[in-house]
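Protein chains: 2
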Amino acid sequence: MDIARRFESNPLITPADITPSIEGAIVECVFNPGAFIFKGRTYLLMRVAERLTQEDGYVSTLVADPTGEAGVRVVRWALDDPKLDTSDPRFIYYDGHCHLTTLSHLRFAVSDNGVDFTMNPLPPLKGANKLEEFGLEDCRVSRIDDTYHLTYSSVSDSGVGIGLRTTRDWRTFTDCGMIIPPHNKDGVLFERKINGQYACLNRPSGADVGGHFLWYATSPDLRHWGNYACVAKTRPGMWDSVRVGAGAAPILTDRGYLAIYHGCNEDTRYCLGAMLLDTDDPRRVLARCDEPIMEPTTDYELEGFFGNVVFSNGQIVDGDRVTVYYGAADTTICAAELSIDEILSILL
Amino acid sequence: MDIARRFESNPLITPADITPSIEGAIVECVFNPGAFIFKGRTYLLMRVAERLTQEDGYVSTLVADPTGEAGVRVVRWALDDPKLDTSDPRFIYYDGHCHLTTLSHLRFAVSDNGVDFTMNPLPPLKGANKLEEFGLEDCRVSRIDDTYHLTYSSVSDSGVGIGLRTTRDWRTFTDCGMIIPPHNKDGVLFERKINGQYACLNRPSGADVGGHFLWYATSPDLRHWGNYACVAKTRPGMWDSVRVGAGAAPILTDRGYLAIYHGCNEDTRYCLGAMLLDTDDPRRVLARCDEPIMEPTTDYELEGFFGNVVFSNGQIVDGDRVTVYYGAADTTICAAELSIDEILSILL
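Taken in sequence, the protein lines are chains A and B. Just so we're aligned: 99 in my numbering is position 20 of the first sequence, and the numbers increase by one with no gaps anywhere. Just so we're aligned: 315 in my numbering is position 236 of the second sequence, and the numbers increase by one with no gaps anywhere.
Possibly wrong hints are sitting among the right ones.
Where chains are identical, the list cannot tell them apart; a pair therefore holds if satisfied intra-copy or between any two copies.
Quick list of in silico lysine-lysine cross-link-like pairs, DSBU-like style, CA-CA up to 35 Å [what the hints assert, rightly or not]: (1) Lys272 / Lys209; (2) Lys162 / Lys312; (3) Lys118 / Lys272; (4) Lys118 / Lys162; (5) Lys118 / Lys312; (6) Lys118 / Lys209; (7) Lys272 / Lys162; (8) Lys209 / Lys312; (9) Lys209 / Lys162.
Think of the hints as simulated: they come from the structure by calculation, not from any bench.
Chain A on its own, in the form it takes in the complex (with noise of 0.2 Å):
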């Protein structure tokens, strides 16, 4: 049962908005943003996925280099050159070693009504280290007391791991360097200390045995975790039965911890679900949705780089209201609207 209420004025933002990083960059796609409140105004941290332009004879693609300028660097291979494997559109294979055809960062926008986005407001986030040479993805903000903690997928030849940043300010950073290691993606904090330990959701990939699960993990320092249990499977049959990981920050009721979170099944659609974690122990599952809260069913959602996705890793929450910012299709940034009550009594 889809219950949300979808913006009038959908797609909100589109590769279109988005400049390019540099001279013969595409932007392909705007999606997945993280979501916040910075001085009483609504800011989305987006996902810019931009391709080069390729040349005749070349294949290319962009790194993230802090040394370089707009803080990439173009890789580039001779097409004859027999060690090159250009075979799968996602990915160069070069003498054994992988780059990615597209380069993801972190790209601002800021609205006074949540609806009306004006583009760049603040400087992007790229990739700054090694870890983080194929870009930053699907970052989640989460707000702790005056701190914002940013979690977002590294990705690189290395891997694909959980990165973290906080900052009070947004002009200045620290970097608390990868978290949770690969393959590992959808890492979110919860917004406040549970049992005195800082706390996150986070979604490790099996290899043989366990799957694309829902995973916790605590934190005393927010540097290094531990404690790592297993949260919520994939349901076989189901519309989560290949894939299940976290959205934004788990939403604080006097029901317990209301996580909107993302699965998929065998025809790789993307949905939205919800599930209750127990508020002093979260680990424990108190109810979760048997149907989507919300499923790919407009044109925008259908269509695009990646069609049939909802996806959201940010969401603002307004008493009741939940407005959830997604990533639609892969391809553009949408908003929709929920009812708190209403998410909790389908899940009660």
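Given the structure of chain A, go ahead and fit chain B onto it with the hints provided.
Just chain B now, with coordinates in the frame of chain A:
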């Protein structure tokens, strides 16, 4: 160049030496032992993999269960159940959920001379919680001051991660939980703090990007880990082209930390190699051998449950001599001596 001097009495320990945990269980393999000195004697902490004899019309397997007889429980399915899938000899799938056909636990052996071992000087260590239901595998033992640190693969239907228990007396253990989430194996602690922090090597597995690479992490308190960094990747075209992973605790030498590690290639041929890591920053690889220092050559290494494998996660250092205890063909326990100087002379 194989520079290992194998013990004449290899294999030292075979499945016939191991008493099954319960009636009906068959010891399939005894392999991949951790090794340590306690009160002047050499101990092995062996991985014992057991399988159940099968009744007509049923398939059954063991699951670790601290409340069960001998710490295990039998799970059984009727072969004619349409929800059952036994097509993969390693796994039993039922209604989308996975079990393993063998269960591993850790068994002790003790010796006065490092060659002739007596079984069961101490009670076995078995899976003790949900994340260890499919067993404990490939335990490393790192001694820091008077405390032994056991790192092992914790296996369950949630995935494979690194668990840690510590002990001073081998009678009482402190369970530090899962310290690194799936998919991760080959976790081992350095035997002293580095820059005031505990440090470990571990082996996450990538998906899409990344691979089976050797990583580093640090901890202030053993339970929480961070500052993940990739130390060494697989090398295309070489003997360690597909997977690399740490062995026992790196050996502190005056040239750096000597890490004996395993690698395998496209033929799943497992060899041992060596690398030298910077003493103050073990993320820096100072040298790495081009060729293995030990490769499967003898009958007992070439043939067995999984042939063409030498794999070590336990060693005893005495001056220049390192005695490597290793699993041969995933079936038996063997030993070989190497000279640290000789390994260093190859590396430098």
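Hints violated by the structure (numbers, ascending)
Hints 4, 5, 7 are the ones this structure does not satisfy, whereas the remaining hints hold.
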